[in-house]
Amino acid sequence: MTAETIDTERRTGKSLDRTGWAATGAGVLGALAMTSCCILPLVLVSLGVTGVFIGQLTALYAYKWVTFSLAAAALGYGFWKAYRPVPAKDCGTGTCARPVDRGLMRALLWGALAVVLLALAFPYVAPRVLTF
Amino acid sequence: MKHLLLAASLGLAPVALQAEEAETRLHVTGLTCPSCSYIVATALKHIDTVEIAEFAEGEAEDGLYVLRYDDLVTDPEALIAAVTGVGYGASLVSGSGS
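Residue numbers (the working numbering), protein chains in the order written: chain A, 77 to 208; chain B, 240 to 337.
The hints are simulated quantities; they were obtained by calculation from the structure and are not laboratory data. Accuracy of the hints is not assured; some may be wrong.
To be verified - If you want the footprint, here are the derived chain B segments under chain A, 3+ residues with CB under 8 Å:
id: 1; stretch: 266–275
id: 2; stretch: 279–291
id: 3; stretch: 294–301
Note that the structure is a prediction, hence the values are computed from the model and not measured. Just so you know, even glycine gets a beta-carbon here, dropped at the ideal spot from N, CA and C.
Start from the sequences, fold in the hints, and give me the full structure.
Written out as structure tokens, the structure is:
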């Protein structure tokens, strides 16, 4: 990667990838929302945190598929933005204007995907792992 | 000196005898998620001497906890407070408690 390429990325990246970063942010928030029931409350109580909000967080379990749908849509769009081929029109001058920090975006998306999958598997794994 | 030790041990004896294991059955409501029963159990186990002898899941997002504890250390009201403190409903099942 030449200095000219990096410079082009810096100049064009922000306008190109705003939606990609928005999708990544939404995917990460969706993943956190999925842990709000039931992993997060369990971790908080294990650490000695108490409060009526714990029970209110777990009531969000009823909306699990809503949060999953939103997270999946955001992650899907984010992955498409992070892994899509560079458009040919951005390589006209011989330097390709690739979105900046795609590595960070990909890391966040994979992390969020892992959390979403963990949250989905939790109800089936919990009885085998947790004891009274 | 011997008499003093004897008197002291006799004085402590009633306290030692009074400390015994109590059992309480607690009906908990609002167990709407897969981890809820574990969250309530964790909150209960944060109380000294409390052990969960048994848990039976109900069909209406509720459950029955059979708890054993030292009645000198805690009481059923403290158990209920621990459960309500994390946002779930709790009541003593009639015929239980110390």
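Structure-based check of each hint:
no., hint, result
1, 266–275, "holds (count 6)"
2, 279–291, "holds (count 5)"
3, 294–301, "violated (count 1)"
In this structure, the one hint that does not hold is number 3.
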